[in-house]
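**Q** Dock chain one against chain two, each of which comes alone in its own frame, and use the hints as you go.
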Amino acid sequence: MLELKHVSKHVDGVGHIRDVSLRLESGSLNVLLGPTLSGKTTVMRLMAGLDKPTSGQVLVNGQDMTGVSVRKRDVAMVYQQFINYPALTVYENIASPLRVAGVKGAEVDKQVRKAADLMKLTPYLERTPLNLSGGQQQRTAIARALVKGAHLVLMDEPLANLDYKLREELRDELPKIFSESGAVFVYATTEPTEALLLGGRTATLHEGHISQFGDTLDVYRNPQDIITAQTFSDPPLNILGLTKKGGEFRTSNGTLIPASEEEKRLPDGHYKAGFRPHHLYLHRQSAEAVSLPAKVDVSEITGSESFVHVTCLNHRWVALEHGIHNVEVDAEIEVFVDAKNFMIFDDEGRSAASLMAVNA
Amino acid sequence: MSTTTGTAAIDSGLAAGGQAPRRKARAKAMRTGSRYSFLVPTFYITFLMLPIYWLFNMSLKTNQEILSKFTLWPDEPTLANYMVIFTDPSWYNGYINSITYVALNTLISVAVALPAAYAFSRYKFVGDKHLFFWLLTNRMAPPAVFALPFFQLYSAFGLIDTHIAVALAHCLFNVPLAVWILEGFMSGVPKEIDETAYIDGYSFPKFFLKIFTPLIASGIGVAAFFCFMFSWVELLIARTLTTTAAKPIAATMTRTVSASGMDWGVLAAAGILTIIPGALVIWFVRNYIAKGFALGRV
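Sequence order for the protein chains is A and B.
Sequence positions in the first sequence follow full-length UniProt numbering and run 1 to 360.
Sequence positions in the second sequence follow full-length UniProt numbering and run 1 to 298.
If you are wondering where the hints come from, they were derived from the structure by calculation, not from laboratory data.
Note that the Cβ used here is the ideal one computed from N, Cα and C, for glycine as well.
Careful, some of the hints might be misleading.
Cross-link-like lysine-lysine pairs, in silico, DSSO-like; alpha carbons within 27 Å at most [stated by the list, open to error]:
1) K52/A to K191/B
2) K52/A to K124/B
3) K72/A to K104/A
4) K206/B to K110/A
5) K104/A to K210/B
6) K72/A to K206/B
7) K104/A to K206/B
8) K52/A to K129/B
From the derived model, a few chain B residues whose C-beta atoms are all more than 12 Å from chain A [as the list claims (entries may be wrong)]:
9) V40
10) N63
11) A80
12) Y92
13) L107
14) I108
15) K129
16) P149
17) P176
18) T242
19) K247
20) D263
21) T274
22) K291
Next comes chain B alone, as it looks inside the complex (with noise of 0.2 Å):
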């Protein structure tokens, strides 16, 4: 590392200073330094990305191939096993399940997070820093504590296998995390664009839509898919809440075992199709999520 900043610093020097000149000599300098540093990333990513590329090459086998021979790309390539998931509604509905509760829990995490966040945020209050504090501490117990109490609970008010009993036990973990994620967005809003649209009429509701929102829109984002993330990804508490009705695509996944033994190429399209959607969000937040953590909150 020594090397190669002194080499940069060298040539900067003898360019005088100019940037495109220095970013050139420190790419120069990265190529003579060491010629095989590609090697290292290259080893990381294959090691990242082989698990993900078995299972979409298994998708794309039959059963007989997976189990007779090992081959590293299918022999005969098939969709057979994504058209069994789109058409049988045992498969498929596991997928609306956990997308609707996932959703269902986003909402409902954003929304009660945001006036909690902008409380934290905006107004001094007794006990508030300690508040903000033990929110975080919620989510410092496994999920798998609550499972019981939830359960129980839920059972008393008849809400076991709905899709709001999931999304409102995942709350518990969510809100707390949404609300740590806001608060640091809207610290970064200056009070005096509040105290300005107070001072122009705005009343609360309307200053907070159309004037806050904008300005903490990559915040909301940030925090949705926080949330999203979790609840996506989160199986115990999903699956004890849960029966037929709205059982999510993780728990299907791990009760296909039938009669004609494991369905393996079915399992392995099933797997690829859940890894879709947070790769998906992900995508779509991936700026967001730096400006996050640059605010040391994500």
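Chain A extracted, bound-state conformation (with noise of 0.2 Å):
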């Protein structure tokens, strides 16, 4: 179990890691999610204990290890550049945390060539990992970190120098293998699809502070604050300012939306809603839907989907729609959005339900 309380990091006075308070159980994959720059790699850097924190506390199974050596700790990391020893063999690549340790030469080559096995580099073991590709080199990374047996297994996205073909093979098997061992896993991403992928509990963090953390789909679905939703959606999340008054929700147009019963009970005043690009419609999809004018920007197509960016009421939006749909730039269209699918939040950026949670 590894534990972080109120862990802060400052450089130069600039503060990277806010107040973050982490509790991650042993055997379950954990990821940190948030954009490039929100302080991913500093907190497993501080979690690995290659950083110290500046305030706060770091515990393994209860015991404080805030400011111990790395070299005493039972970690292993693997980093988004390829590391490796360039200078020894694939083999002694994998085997080198074993022989730190003095473990015997025969139990070595038996967990080596294991640890080869399941990450199909056996062929490849005499080699120097530099004449290797970019996906065996990763391997090779990660073989050293199973074969390890650490406690606290640190993947700094790992994944996202591979093509996407490896990527996938190996964001399937990575948890499989990791959750055998009962290790504390956790695996940095700035990819709100892979957080989903891979399952297990989901931390956001953003501007180096963890703004949620619990099962990913919990997380996914019922953030607590709008910073939540943006950093878990991907293309970005899409945010219609409203107005509340009565039982109704009204745009800056005056088009009414009609509040849920739950909705109903918020005070009045000013709310933002959020919903997610799939739930932006081109074509009316429900007889509740509501309907918005937008002028479209941009529109971009990726084989089976279309992205349309339009400019709605002042406010940026994407639509994600199955399908390929010719829309022409600067063309004034219908939107349709659907009160059913809306996230709604405070001017503070507090969801509903927690607003609604701390009322009662």
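**A** Written as structure tokens, this is what we have:
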């Protein structure tokens, strides 16, 4: 079990990590999700013990490990860049943590071959890492982490530099391999889709702060605040400004949108509705859908899907539609939204659900 | 130049951009472009090699032939001059002395520069950039400036006329250079390799020897080469700090006027033997040096 307690990290007086508290269970898969520069790598370095937090504590199995050298910790880490020991063969690269730990020769050989087999590296054991392809290099690094059998396994965007097919393969394999070992598995990524595919638990990171931590699907469906919803959305979340009066929301052009029973209990005032790009329609999908006027900015087609970027009531939105939709740029069109897809946030970004929980 | 590249471009265009045809086209363009262009490098190399050849030529002649007539090659080639050097201790000791303090100096310089360069490449500390630049300024003063203080200092410590005295004095010039060169090579190694090694559990010395040193081996080669070269060539300090027991070969060569006049042949043979070690070292590190140039550190 790994626990961060109010951990902060400042570099030259600038706060990189602000008050991060996390509790990661043994044998669990944890995803750190956040855009670049959100502090994922820094959080991982703090977890590993490569950096010392400015304030706060790092506990491993209840024992305070803050400031303990990384050499004395039971950690394995895989970087986004392919980091191996270029002077050693793949075999020696994988064997390296065992050799340092003083494991006997025959046992080393057994474990290295097992890990190499799992990572499909057996034919390349006698080569040096720089003579391998990128994917093989990264698999060597993963095999080394695997062989160590560490209690804490950190992977910092390990698949970001790999091609699509390899990425899919390894993304399926990795959690399975490491969950068997009972380790705390932490996986950092910038891609919301990757977090959803991995499952487990997700912590969304925004500007060095954990905005939410919970079961991946729960964080995706019920974000506590607008920042979490935005972090966990790709393409970006669409946001519509609304004014609530009585049982209805009113848009800036006067369109009325009925509020749900729960939302009716919110006090009157300004709100923001967040909804995902695949919930912005170019055609009416249901009787309850509300039509809004929009102007097309750009339209992109990626094979089977179309992204249509529109400006609607001074908001810039993206619509994700299946199939190929050719829409003329600058065309005035109608777009449709459905209130049942809305996630309502107040002016400060707190979600309606969390507001009502506080009121109740 | 413009005409040659133009032809090459057209040719390669016709050959649909193949690598081999393009090379052939360029070679052809160079052939037709200037038929006599080979003359320039030929003259240049001849001029460069002439003194070395003449030295070699003299070393195989007798004193009598050197002084009496002008010959392009020895009338009666003799190895007697070389025999003198290899049999007379006052000659061959010069070589032994030089090689001893040069090797000592190279060893000390690289050993000291390795941790220093590692610190400069991996850690941030107050004034690191200034200190790094200041190191180089040590090389801006001519060695003559330091001859007097070194002489005074080493006299006080009784180090005069020892190999270690010269080796240490040369460190003043070689350590900064070695640090400068090694820092460039070390900064080319990603910091994550260090961290991965620490995560794997390596202690610092073990990491440095087993993981890191092989990665900067060419850098160490280049640094050692430059230390060797400076120390081997430097005469002033080496001569000031020695009298007999550690006298360098270059100093021996400047003191060969005997009662019977100058011994030209032996002197020439000594010159040839002095060139050889440098040439050998250059041969071994030539590929690494190209890498050093690519890093902009040589």
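**Q** Taken at face value, is the distance from the CA of K206/B to the CA of K104/A at most 27 Å?
**A** OK: K104/A and K206/B at ~19 Å, within 27 Å.
**Q** With d taken as the least Cβ-Cβ distance between A80/B and chain A, does d exceed 12 Å?
**A** 50 Å, holds
**Q** For a C-alpha distance cap of 27 Å, please report whether K72/A and K206/B respect it.
**A** This hinted pair holds, its Cα atoms lying about 15 Å apart.
**Q** Over 12 Å from every CB of chain A: does N63/B meet that, or does the non-interface label fail?
**A** Correct as stated: the minimum Cβ-Cβ distance to chain A is 55 Å, above 12 Å.
**Q** Over 12 Å to the closest beta carbon of chain A is the bar; see if V40/B clears it.
**A** Correct as stated: the minimum Cβ-Cβ distance to chain A is 40 Å, above 12 Å.
**Q** Non-interface claim for P149/B: all C-beta distances to chain A beyond 12 Å?
**A** 41 Å, holds
**Q** With 12 Å as the threshold, tell me whether K291/B passes as away from chain A on beta-carbon distances.
**A** Since the minimum Cβ distance to chain A is about 15 Å, K291/B lies beyond 12 Å and the statement holds.
**Q** Could you grab the alpha-carbon distance between K206/B and K110/A and see if it respects the 27 Å cut-off?
**A** Holds - the C-alpha atoms of K110/A and K206/B are around 24 Å apart, at most 27 Å.
**Q** Would the least Cβ to Cβ distance between P176/B and chain A come out above 12 Å?
**A** 28 Å, holds
**Q** I108/B clear of chain A by more than 12 Å, beta carbon to beta carbon?
**A** 25 Å, holds
**Q** Was D263/B rightly flagged as not at the interface, with every chain A Cβ beyond 12 Å?
**A** 51 Å, holds
**Q** Is the claim that T274/B lies outside the interface with chain A correct, judged by CB distances over 12 Å?
**A** About 36 Å separates T274/B from the closest Cβ of chain A, which puts it past 12 Å; holds.
Hint compliance for this structure: every hint is met.
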